[in-house]
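Protein chains in written order, with the working numbering: chain A, 1 to 509; chain B, 1001 to 1318.
Hint data in this document are derived by calculation from the structure and do not stem from the laboratory. Certain hints may be false.
What the hints assert, rightly or not - Calculated pairs, BS3-like style, for lysine-lysine (alpha carbon to alpha carbon, straight line, at most 30 Å): (1) A:Lys195 <-> B:Lys1222; (2) B:Lys1161 <-> A:Lys256; (3) A:Lys74 <-> A:Lys454; (4) A:Lys189 <-> A:Lys89; (5) A:Lys251 <-> B:Lys1161; (6) B:Lys1161 <-> A:Lys254.
Stated by the list, open to error - So the derived label-pair ranges between C-beta atoms look like this: (7) A:Lys438 <-> B:Glu1057: 31 to 37 Å; (8) A:Ala320 <-> B:Val1066: 47 to 53 Å; (9) A:Lys449 <-> B:Gly1059: 27 to 33 Å; (10) B:Ala1052 <-> A:Met330: 43 to 49 Å; (11) A:Asp247 <-> B:Pro1031: 36 to 42 Å.
Unchecked claim - Short derived list, chain A residues pointing at chain B, Cβ under 10 Å: (12) Asp124; (13) Thr135; (14) Asn166; (15) Lys213; (16) Gly214; (17) Ile218; (18) Asn224; (19) Ala232; (20) Gly233; (21) Val388; (22) Lys390; (23) Glu395; (24) Phe425.
Glycine is no exception: its CB is placed at the ideal position from the N, C-alpha and C atoms.
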Amino acid sequence: MTDRLNRRGFLAASLATGGLVLAAPGALRAATGGTLRFGLSAYPPSFDMWASTGTAAATVKLMIHRGLLGYDDKGQLTGELAESWDVDKDGVWTFKLRKATWHDGSPVTSADVKYSIEQMAAPDSTAYYRGQMGTITKIDTPDDLTVKLTTKAPTATIPVWFAHYNMPILKKGEPRTSTLGAGPFKFVKAERGQKISVTAYDKFYRQGEPKVKGIDAIVYSDENLRVAALEAGDVDIIEYVPWAAMDRIEKNGKLKLDTVPGPFMYLTFNGSKPPFDNPLVRQAVAIAIKRSDVVAAAFYGHGAPLNHLPIDKSSPYYNADLADSWKYDMQKAKDLLAKAGHPNGFSCTMLSTAQYGMHQQTAEVSQAYLSMIGINVKLDLPDWSTRVEKGNKGEYDIAVMGTAADSNDPDGLATVLDGSQGPSFNRSYKLPTPEITKLLQQGRETFDKDARKKIYHEMEAQVMKTVPAVFLCSRSQGYGLAENVAGFVNLPGQLTFYSGLTLSETALG
Amino acid sequence: MARYIGQRVLVALVLIWLVSTLVFMVLHLVPGDPAELLLASGNTAPDPQAVAQLRTEMGLDRPLMVQYASYLAGIVHGDFGVSLRDGTPVAQQLMLRLPRTLELVVAATLIASVLGIPLGTLAAIRGGGLADRLVSLLASLALSTPVFVVGTGLILLFAQKLGWISAGGYVPFAQDPLRHLALLLMPAGTIALSLWAIVVRMTRASVLEVLERDFVRTARAKGLGRRRILRRHVVRNAMVPVITVIGLQMGTLLGSTVLIEYVFNWPGLSGYLVSAVEARDYPEVVGIVLTISIVFVLINLIVDIAYAVLDPRVKLAA
Chain A
1 MTDRLNRRGF LAASLATGGL VLAAPGALRA ATGGTLRFGL SAYPPSFDMW ASTGTAAATV
61 KLMIHRGLLG YDDKGQLTGE LAESWDVDKD GVWTFKLRKA TWHDGSPVTS ADVKYSIEQM
121 AAPDSTAYYR GQMGTITKID TPDDLTVKLT TKAPTATIPV WFAHYNMPIL KKGEPRTSTL
181 GAGPFKFVKA ERGQKISVTA YDKFYRQGEP KVKGIDAIVY SDENLRVAAL EAGDVDIIEY
241 VPWAAMDRIE KNGKLKLDTV PGPFMYLTFN GSKPPFDNPL VRQAVAIAIK RSDVVAAAFY
301 GHGAPLNHLP IDKSSPYYNA DLADSWKYDM QKAKDLLAKA GHPNGFSCTM LSTAQYGMHQ
361 QTAEVSQAYL SMIGINVKLD LPDWSTRVEK GNKGEYDIAV MGTAADSNDP DGLATVLDGS
421 QGPSFNRSYK LPTPEITKLL QQGRETFDKD ARKKIYHEME AQVMKTVPAV FLCSRSQGYG
481 LAENVAGFVN LPGQLTFYSG LTLSETALG
Chain B
1001 MARYIGQRVL VALVLIWLVS TLVFMVLHLV PGDPAELLLA SGNTAPDPQA VAQLRTEMGL
1061 DRPLMVQYAS YLAGIVHGDF GVSLRDGTPV AQQLMLRLPR TLELVVAATL IASVLGIPLG
1121 TLAAIRGGGL ADRLVSLLAS LALSTPVFVV GTGLILLFAQ KLGWISAGGY VPFAQDPLRH
1181 LALLLMPAGT IALSLWAIVV RMTRASVLEV LERDFVRTAR AKGLGRRRIL RRHVVRNAMV
1241 PVITVIGLQM GTLLGSTVLI EYVFNWPGLS GYLVSAVEAR DYPEVVGIVL TISIVFVLIN
1301 LIVDIAYAVL DPRVKLAA
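Chain B with its partners taken away, still in its complex shape (with noise of 0.2 Å):
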């Protein structure tokens, strides 16, 4: 095990590297100066000597070479550089803004997973059934749903309407964590939305490809209670590929939890990675982007290792 994971782990290094160069020489090829973006900012026409002037503190005067060699060097030594727009380190920021953006993904993996789990499974014994038909109705509909539209409705109703809640913000959760909780329901809640309809889909499929097994037919034959089959043998087996797509799903939203940052507020890693984007901000960009690849990375491993411990049957080959 310790074998796989380390040569899981150099895969993931050298993958990593090719993926910062790669968004480095990119976003250097993209057209945009940052420093004229920067002093242009209310449409106007900065003073062309200013624009010099900030693109030399900047660095952006050096050949891209140098740039880039200066850049990797400090990767390496763990430093990500500082923003180019207001010399803010973007370690500092990273370290603010990633633990919200997981938040939000654990928050809505969790109630996509509580609620999907159960209801798909219960689909599938109901194979056919009225339960069967609305739970896949349900998902239907979910999936197809844009999280824009649920998030929209959402604010719409419990802000704009009722007045609830707040139509979207963040308050650290030290600060007040009642309010905290509060704001990360309805953001949570759009996202588990589309990634329930996967899970209630996936486990139906999957728990009724089980069923079929022999040895279901053998626990029944041996006079196993069904309730006992179900959790015992039925749920545990089918929820391998179900924990593959949820692992796979969680890596997804890192990067795409983009629209329901920006519609509700919530100061993340996506939103952070727009407006860097937008002020081509090269640092910032490439520190985000090794993040959320770094992340990636770390999810999948562990549901590689989750994998064994579901299924002693999977060994962790090299």
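With the rest of the complex left out, here is chain A (with noise of 0.2 Å):
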């Protein structure tokens, strides 16, 4: 074949392939027809609707079930299978279901959701909620529209866990990774690794929603293909804009960008042994680190520096008085090292992922700060997987982290802080947190607003004198959209990732 070609016959061939695009442009091209293609970061590592499988997942979750409870645009929870929710003297909650339907027309009842808070319980259970569930005693069924829900102890919190995106309500029967839901899309197919196709589903409870056809969920896992993708015209929104790229999708006319400053980087100690289980260290480190530089870094300034708890200013929880009790001050740092009894300082390891750029670049801002308060800090870098690894098991003396919380409800930070929990790659190893414990669990059972509000002051306070954690800033979560997008918002705060929720709403224009 190949002696047959000479320089004539090789000028044609490449004429022809490159005429095949000339030709073609345009058409080459994807239509649309009303629906709304979604660019994801990732595709869902599995279906298990009740487990924690990330961002993207909780988005595909969005489009085809619905849970109890959810938020609206402002962030103000809002009912969703229930239509109302209350509680009694007793802290037995009740809720009022409304008239829903499943994909196949079967009305959704009470005994669909205590079917769902039951498996979710249950001993084979590997449900994001399951020890919360655990704490139900009793699900009362008195009708099909209501349920009642009694804890070992009172709960203000149930209204919020129910409104998690990993507690869609599934019906009675149906296996953990069912997609047969009573969300506003009915899921049509999957190609494993690539994309996700629902289509409306015409008996929604809400009139008038959905507004689209259909959405399509393409993955892009490289998040500059995301970003051209969207430029180009291939898809209509995306997830998880790179901050590298925020700017341009501003400036692109075409384009909008949607941020909230909510998901947040901090730092966790090994404190099982020392340097780091000493609090004066700990409070050294907290104070040693200049903030707006690791927002600069790693995130090209579109996120703010973060000098207490991940509470934004809006919360009827944030604390005025405690907001700059970490403020940077490296001779104060200096001087609690050394009444800790490190005058010269110390060398430790510092755990994070050569992955993920963020976490990387946090962890070098870090460690440059800390050498100039005499710690020496050797960076360990390995893959996400071996990072969570390593993480579970402390492997490391101080190490670094992004995270959101649950809920923009202070309690959402438990699972950070909460060093009764057991070890985690998301929270510091082995720290005891006996107050701030008690103060959580203070905060869950306490109903009136006023008095978790000083509940959660205190916990602040024991946090900014005890150092669980050190926060570092938070980070614009950002969604890239077609200027004929309308309708989809990006869920205040914490409730970034809730942000699916608005995929009911969401019309092209």
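Given two chains presented individually in distinct reference frames, assemble the corresponding complex, making use of the accompanying hints.
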């Protein structure tokens, strides 16, 4: 074959290949026809609806499923499958269901709710809220549309739990991977690793919703390609806009950028051994790092320094008097170290990951600042999976983490702060926090808003003093939208990963 | 020939067994727990009991040797197992994704050969001339530009600036042939570029060498036309090393199209491998590596046989 090709043949062949592209622009692009194309950052690792399977999975869950409660555009709790909810003086919660139907047409009943809660609490459960559901001691279903929940101790956070995206109600008898939902979109098909298609459910309980014919959720793992796909018009919405591309999207007249300050970066400690078992050393770390440099290096300026708990100014639980507790003060940090018995500093390893730029850059900035107070940090930057395991096993001295709280309620921070919950990569290792644990429990059992505010104020003061983690900055979490997309809202604060809730109101103009 | 192939297959089987055992063992030595990773996907702390339950469901609570034995028994029966993450049969995913990567590699090889062999020959017969220097310069440039730079550049130009084509993606051929080929063009072209450079250099060197041979002089002396000498004698003889290199490159490409598949969102084998490794999805990783080694061995076998076809002097002696 090869020896028959001469120069003329070669020219003809290359012209033909080039011609294919030149002849066909436009025709080679995908057509939409009322279907919203959503650029996901990952394919859901599994369809286990009650397990925590990440942001992309949450968005897909919220297309198909609904929980008892949800959030409106302002981030206020709102009824989804439940129309109203209330608690009596004994702490028994009553949920009144609305007349919703499953995608197979059958009605959503209290039996489905009971089944879902029981499955989540069952011994073979892999549910994210397995422990929480275990505190529900009795589920009464006096009629088809009423559910009454009795808990071990009175629990004020029940509505917040039932609004979580990992808490969809599934139809009685369905497996935990069920794609038969009661949400705005019906599951059509999944091409593993690439794409999930859903179509509008015409009997969704909210009149006039959903507003698009369906959604194609297409996976773009590479963040730069995800942006390129939005710019090229291949998709209408993308999640997880990389920080480096935020300015560019904002300046593009055909695109919109919707960001909220929500998820946050922080440092965790190994509390099982010196030197970080000493609160003085942790206090020194807390005031030794200039937060604005972390924001600049890791997030291209798209974030905000955090010298306190990640509770937004707009929250009723924000404490202005504690906001600057961890203000940068190198001299004071040095004094604290000396007081702790390390006048000449010490050496330690910092665990982070080279897989995600924001984790690595946060580690590098922290390393530089800690060296200024005499702490010689050696970075350990394995892949993410190894980092998770090392974190769980406490194979580090100090570590970099990033996450979002479960909700905007201060109780949503329990998973990051509560040392009694057992070892996990997303909180400090074997660092007891008896006062914080006690206050968190009090907060859960307290229904009066002002009393709760006082409890969480005290808790934040405890965190500032005992430093179970060092919060560094919040980062802008962004969605990129084509200009003709309306109704999609990036929910405020820690709720940003719940934004899939608003897909039912999303329209293509 | 049959005996030769038989022996090669036997050696290949042993090699494949070694590779799969090695991958299985190394994978289990590397830190990272698939159950924990799956349930911690949102950077959240999973319930420890939920993790224990999932480990049991995944069969990871059994001793390593038991897991290895059951895995090996599966392989012998042609069963690659199921994904730890969502229970999808690994064989099914392999059947879906292997052809896509092969298509990418074959398309790239075709482009590289069709453009590389004639240009390499041209450079050789014009040795030292303008054409030679131009081709050599282009080849150096192509070889030294990383694939992700070329890939990203193509996307920037054709998708973002000109808006001619989607920024990567994949459509099955049966669904839309034209769009399928259009989407294939950029990733295949990107891979082809560096492969082309290798083919050009190899062809040029090889043709130059053959041109010096006595039989070429003889052919010229007996009055054969330039064109005929080039086609019948020079290029054909010069092809043996070129084919070897192309074959080896194809094998290597199978496992190294990762960046290209990632940059262009091409749902092939290597993208699948990366996500499986990240999730520590043991059956998937082993299944993919096994498949790649089988194909690699096969390609080498085909290259060996191609020698004999091209050059009757090569005897396939055992």
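Status of each hint after checking the structure:
1. At most 30 Å may separate the alpha-carbon atoms for a hinted pair to count; A:Lys195 and B:Lys1222 exceed this at roughly 65 Å.
2. As the CA atoms of B:Lys1161 and A:Lys256 are separated by approximately 18 Å, the hinted pair is consistent with the 30 Å bound.
3. Among the hinted pairs, A:Lys74 with A:Lys454 is consistent with the structure: their alpha-carbon atoms are about 24 Å apart, no more than 30 Å.
4. Only pairs whose Cα atoms come within 30 Å are accepted, and A:Lys189 paired with A:Lys89 is rejected, the gap being roughly 47 Å.
5. Between the alpha carbons of A:Lys251 and B:Lys1161 the distance comes to roughly 15 Å, so the proposed pair stays at or under 30 Å and holds.
6. Pair hint B:Lys1161 plus A:Lys254 holds up; C-alpha atoms about 13 Å apart against a cutoff of 30 Å.
7. At about 35 Å, the beta-carbon gap between A:Lys438 and B:Glu1057 stays in the expected band of 31 to 37 Å.
8. Taken as a hint, the range 47 to 53 Å is violated for the pair A:Ala320 and B:Val1066, whose Cβ atoms sit roughly 59 Å apart.
9. Between A:Lys449 and B:Gly1059 the CB atoms are about 49 Å apart, so this pair departs from the stated range of 27 to 33 Å.
10. Between B:Ala1052 and A:Met330 the Cβ separation comes to about 45 Å, which falls inside the hinted range of 43 to 49 Å.
11. For the pair A:Asp247 and B:Pro1031, the supplied restraint of 36 to 42 Å holds, since their beta-carbon distance comes to about 38 Å.
12. Annotation: A:Asp124 was flagged as interfacial toward chain B, and the flag holds, the nearest CB pair being 6 Å apart, inside 10 Å.
13. Checking A:Thr135 against chain B: minimum C-beta separation of about 12 Å lies over 10 Å; hint violated.
14. The interface hint given for A:Asn166 holds, since its Cβ lies 8 Å from the closest Cβ of chain B, which is under the 10 Å cut-off.
15. This hint is violated: A:Lys213 has a C-beta 19 Å from the nearest C-beta of chain B, more than the 10 Å allowed.
16. This hint is violated: A:Gly214 has a C-beta 17 Å from the nearest C-beta of chain B, more than the 10 Å allowed.
17. Checking A:Ile218 against chain B: minimum C-beta separation of about 7 Å stays under 10 Å; hint holds.
18. Hint status for A:Asn224: holds, given a least beta-carbon distance of 7 Å to chain B, under 10 Å.
19. Annotation: A:Ala232 was flagged as interfacial toward chain B, and the flag holds, the nearest CB pair being 4 Å apart, inside 10 Å.
20. Checking A:Gly233 against chain B: minimum C-beta separation of about 7 Å stays under 10 Å; hint holds.
21. At its closest, the beta carbon of A:Val388 sits 6 Å from a beta carbon of chain B; the interface hint therefore holds under the 10 Å criterion.
22. The beta carbon of A:Lys390 is positioned within 10 Å of a beta carbon in chain B (closest approach about 6 Å), and the interface hint is therefore held.
23. The beta carbon of A:Glu395 comes within 8 Å of a beta carbon in chain B, closer than 10 Å, and the hint placing it at the interface holds.
24. Interface hint at A:Phe425: satisfied, since its Cβ lies 7 Å from the closest Cβ of chain B, which is below the 10 Å cut-off.
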